[in-house]
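Those protein sequence lines, which keep their order, are chains A and B. Its first residue numbered 1306, the first sequence is counted upward by one per residue in this note's numbering. Its first residue numbered 106, the second sequence is counted upward by one per residue in this note's numbering.
Just so you know, not all the hints are guaranteed correct.
[Said to hold, decoys possible] Covered stretches of chain B, going by a simulated chain A footprint (3 or more residues, C-beta under 8 angstroms):
1) 322-334
2) 526-535
[To be verified] No farther apart than 30 angstroms at their CA atoms in a straight line, the calculated lysine-lysine pairs in the DSBU-like style are these:
3) A:K1349 - A:K1363
4) A:K1422 - B:K632
5) A:K1329 - A:K1422
6) B:K502 - B:K672
7) A:K1363 - A:K1330
8) A:K1361 - B:K817
9) B:K872 - B:K817
10) A:K1349 - B:K620
11) B:K409 - B:K502
12) B:K672 - B:K632
13) B:K456 - B:K620
14) B:K620 - B:K672
15) B:K418 - B:K872
16) B:K519 - A:K1422
17) B:K879 - B:K818
18) B:K519 - A:K1363
19) B:K510 - A:K1363
20) B:K817 - B:K879
21) B:K634 - B:K672
22) B:K632 - B:K817
23) B:K716 - B:K702
24) B:K649 - B:K702
25) A:K1330 - A:K1360
26) A:K1349 - B:K409
27) B:K710 - B:K632
28) B:K702 - A:K1349
29) B:K879 - A:K1422
[Stated by the list, open to error] Here are some chain B residues pointing at chain A (derived, C-beta under 8 angstroms):
30) A271
31) E273
32) S345
33) A346
34) H350
35) D353
36) F554
37) L558
38) N559
39) F560
40) S563
Honestly, the hints are just simulated from the structure, not real lab data. Just so you know, even glycine gets a beta-carbon here, dropped at the ideal spot from N, CA and C.
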Amino acid sequence: MLTLVNLLGLALVAWIVWYFWLYKKEGVAVTEVAGVQEINITVKGGYDPDVIVVKKGKAVRLHFTRRESALCSEMVVFDTLGRSAKLPEGETVTLEFTPQQAGEIPFQCQMGMLRGKVVVTS
Amino acid sequence: MEVTRNKQPPGPGAASLCLPLPQVKDTARARALSHALRQVAGIEAVQVNLARQEAHLTYNPGAISVAGVVEAVERAGYSVGRAELRAHIAGMHCASCVARIEDVLRAVPGVLDASVNPATGVATVEYVPGTADFRAIQAAVESVGYQTAHPLEQPPAPEEEAEAHAREYKSLMAKFWFAAAVSVPTVLVAYPNVSWLYAPYLFSSAISEGVVWLLWVLSGLVTLPVMFYSGRQFFTGAASAFRHHAADMNTLIALGTGAAWLYSTAALIFPRLFPAGTAEPFYDVTAVVTALVVLGQALEVRAKGQTSQAIRKLIGLQARTARVLREGRELEIPVEEVEVDDVVVVRPGEKIPVDGVIIEGQSALDESMVTGESLPVDKQPGDEVIGATVNTTGSFKFRATKVGKDTALAQVVKMVQDAMGSKAPIARLVDVVSGYFVPAVMIIAVLTFLAWLNFGPSPALAYAVVTAVTVLIIACPCAVGMAVPLSLVAGLGKAAEHGVLIRNGEALQTASALKTVVLDKTGTITKGKPELTDALPAPGFDEKTLIHLAASADRPSEHPLAQAIVKGAQARGLEPLEPGAFKAVPGHGVEAAVDGKRVLVGNRKLMEREKVDTTSLAEAVGRLQGEGKTAMYVAVDGQAAGVVAVADTLKEDSVEAIRVMRQMGLEVVMLTGDNERTARSIARQVGIERVLAEVLPEEKANQVHALKAEGKKVGMVGDGINDAPALVEADVGFAIGTGTDVAIEVADVTLIGGSLKGVAYAIEVSKATMQNAKQSLFGAFVYNVLGIPVAAGILFPFFGILLSPILAGAAMAISSVTVVSNANRLRFFRARSFTRA
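Construct the complete structure from the given sequences, taking the supplied hints into account.
Now the structure itself:
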């Protein structure tokens, strides 16, 4: 019995490692309308979707809508772009930029608990 | 990149506009047009849709009218067809309102069509630009008793934010009180073994097992609403984080309280499944921990609101109304509706509503809120006035030059807000850690459970569950994650209150580590314009006569030195006379007839040419030149009358600012294009030892580079224009701004007041902020690094100490509140350099 519980416990540890650290998220591709790559992102305990695939050289427009009142997600920070935006609850805040090179542009809440990224492909 | 905010769809603060552009047919033109439009004040975002030949704009109706947008398009060389505008309408509750609003809108001249969506409360209006505009539409909507959304405060975000914080606080406190109310009875019936705490013993000393069991069941039932009302956000937050393969503080609290409840319930219903002595429910943990953590969050919300108090204060400075002249009449209008080129009337004691230039009247303005300068500043026609400053006693009219988002105040607010959203490099490091933190705690909890189960004393299962739950609850990722951002917000706000704008967290962190500060001389240490400093009369003349004669002779001259003498005389109450027979002798000086006397003012060459004996003045001249001043001889009717000296004088507080910098252990270096002697003389007066003189403007950056090569972090202080390359080269560039040019692009730090004290203050406040952030961070790390093992029971084998989950909940709540409170201490930071009058 004890051995079984031990094995289950260790399996749980392995599963935590896999689920939270090793799991590779699939990106969500944006819809492109008239040369602008647009996507709606819902902010609630995370960014949904949190991995967004875009093409370089074309304007990207991210529409964030925060659907919770917890303070954690009050601000979204694009550190590598040097930009940030306050996300008032229930409002849509649009962030626009044009990625010039392929790579990843991470974004997160101010405390780094919620994270997402824009994957720029060439 | 643009950040635009709008309600869904566009609401207060922004309106969207679709302009048909029949002429825009290729990408080049589309690009040129959107580029041109983005430069226009008030236009926030532009997207040209080539396929449909339309431009979609987001603009601020308070800053630019539709006609203004159309004009901008036409200036760029394109004509506009019909346009569409969307505006949020407030107070619309019934479908019948829709028809009324639509009718009244269609009646506005220039409106072609209007439709109102009752579901979203948005009116879509198609109209001919130039004929109708937002104001006409607004007036129409108001005429039937509704309000169109309009930017009431600029920018609106912080007030909304304060309201949102207040709402959140209220809701959290309600949740707390509920959880607390339930906690009391659950605790009182939770420990039949602790007789003084067990409430039923008050009524009877013999409580049957059945009654104990029943009370436990009741506890379990009343704890359910605690979890799903008071602790709701933990479970919903944890669930949505889980979907994203992420885990945060919510996950830990939800797992901790949830596991406690489930274990207790299982123990109550199926006691046989558990080894003897382990079927002990502990519902009180769920209730009390939820109450404590929610209380912690409420306190956090409240304290967090205070952290950004500085920026709310800044926004509160904005005047609400303005008195403008329109069609010959004085109208009092909301400040958002003031347009560029409006003539604004300001009466004594009033706030200046927007930025502009005085066209009539004069006064003294208290600009302390923008520049930090405490003395009122005299203003005359042609002088700039800054919005949010306060008129003292005079009345004047000024022409608005910058309104809405372009005013100095609005830019300051935006810059500070941007900076608050940036990251200090130290925070990036923390982010890496916090990415692994929560899953790591979960793993530790599982391992703790296994360890107690395998090696713990009996009842092992009960110990294992309690310790695992305690680990989950005590861990506080929030304290770690919040430490740096909160200190940053408080520190940047504090700096902004003193007219010191720090561009981002990185600039702040670097500024805190500066070892050397390079100061440009002219315009930075000194005022940058010559002033009359000395008048040394020859025997037979007195000082007043000397100055009066020299100033009168110099009056027609436009030479800066001559002007300095004229101004100097006026400042001493000596109004110069109108001279006769004025003649400027290039490279020598001037000669003129004053009061019937022939007066010469100039250098030694002039005196030699006119054969004036100056031997008696030679010593005085030598001394003045030794002080780095420009000495000029004055002769009256062929006789030496004395010497007047002009020099670029120190700003009032340069000496003190430099003293403070040296006290902080900074090496202060002066950099100037002037000759060694003048430079040394100024350096002596302000107490600078290291002087780099005779440096060509283009060489300044190289000098800064050379100083950096000494291995120290170098800050460079100069004006944003001439010294731009040096500012960029330095680790931290400080630009001295004056008046309304607040957003100096090249600078990491902008000093609005123009005083060197700002440099000292910026460095002091940066040091204090970084120290504060490190304290919080250190505290949070130590708390977690010590707290988690103790919660896991590491002290138990040695001292028999085991933490109760309830204590863990209290510790967790206290630790996150402590971090916020520590950041708030920065609000009371008092610098050595700056005690604002």
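To see whether the hints hold, each was checked on the structure:
{"no.": "1", "hint": "322-334", "verdict": "violated (count 0)"}
{"no.": "2", "hint": "526-535", "verdict": "holds (count 6)"}
{"no.": "3", "hint": "A:K1349 - A:K1363", "verdict": "holds, 28 angstroms"}
{"no.": "4", "hint": "A:K1422 - B:K632", "verdict": "violated, 49 angstroms"}
{"no.": "5", "hint": "A:K1329 - A:K1422", "verdict": "holds, 13 angstroms"}
{"no.": "6", "hint": "B:K502 - B:K672", "verdict": "holds, 26 angstroms"}
{"no.": "7", "hint": "A:K1363 - A:K1330", "verdict": "holds, 23 angstroms"}
{"no.": "8", "hint": "A:K1361 - B:K817", "verdict": "violated, 39 angstroms"}
{"no.": "9", "hint": "B:K872 - B:K817", "verdict": "holds, 16 angstroms"}
{"no.": "10", "hint": "A:K1349 - B:K620", "verdict": "violated, 44 angstroms"}
{"no.": "11", "hint": "B:K409 - B:K502", "verdict": "violated, 41 angstroms"}
{"no.": "12", "hint": "B:K672 - B:K632", "verdict": "holds, 15 angstroms"}
{"no.": "13", "hint": "B:K456 - B:K620", "verdict": "violated, 41 angstroms"}
{"no.": "14", "hint": "B:K620 - B:K672", "verdict": "violated, 40 angstroms"}
{"no.": "15", "hint": "B:K418 - B:K872", "verdict": "holds, 23 angstroms"}
{"no.": "16", "hint": "B:K519 - A:K1422", "verdict": "holds, 25 angstroms"}
{"no.": "17", "hint": "B:K879 - B:K818", "verdict": "holds, 20 angstroms"}
{"no.": "18", "hint": "B:K519 - A:K1363", "verdict": "holds, 27 angstroms"}
{"no.": "19", "hint": "B:K510 - A:K1363", "verdict": "holds, 28 angstroms"}
{"no.": "20", "hint": "B:K817 - B:K879", "verdict": "holds, 22 angstroms"}
{"no.": "21", "hint": "B:K634 - B:K672", "verdict": "holds, 12 angstroms"}
{"no.": "22", "hint": "B:K632 - B:K817", "verdict": "holds, 29 angstroms"}
{"no.": "23", "hint": "B:K716 - B:K702", "verdict": "holds, 17 angstroms"}
{"no.": "24", "hint": "B:K649 - B:K702", "verdict": "holds, 16 angstroms"}
{"no.": "25", "hint": "A:K1330 - A:K1360", "verdict": "holds, 18 angstroms"}
{"no.": "26", "hint": "A:K1349 - B:K409", "verdict": "holds, 20 angstroms"}
{"no.": "27", "hint": "B:K710 - B:K632", "verdict": "holds, 29 angstroms"}
{"no.": "28", "hint": "B:K702 - A:K1349", "verdict": "violated, 87 angstroms"}
{"no.": "29", "hint": "B:K879 - A:K1422", "verdict": "holds, 28 angstroms"}
{"no.": "30", "hint": "A271", "verdict": "violated, 11 angstroms"}
{"no.": "31", "hint": "E273", "verdict": "holds, 5 angstroms"}
{"no.": "32", "hint": "S345", "verdict": "holds, 3 angstroms"}
{"no.": "33", "hint": "A346", "verdict": "holds, 5 angstroms"}
{"no.": "34", "hint": "H350", "verdict": "holds, 5 angstroms"}
{"no.": "35", "hint": "D353", "verdict": "holds, 4 angstroms"}
{"no.": "36", "hint": "F554", "verdict": "holds, 6 angstroms"}
{"no.": "37", "hint": "L558", "verdict": "holds, 6 angstroms"}
{"no.": "38", "hint": "N559", "verdict": "holds, 7 angstroms"}
{"no.": "39", "hint": "F560", "verdict": "violated, 11 angstroms"}
{"no.": "40", "hint": "S563", "verdict": "violated, 13 angstroms"}
In the structure shown, a violation is registered for the earlier hints numbered 1, 4, 8, 10, 11, 13, 14, 28, 30, 39, 40, in ascending order.
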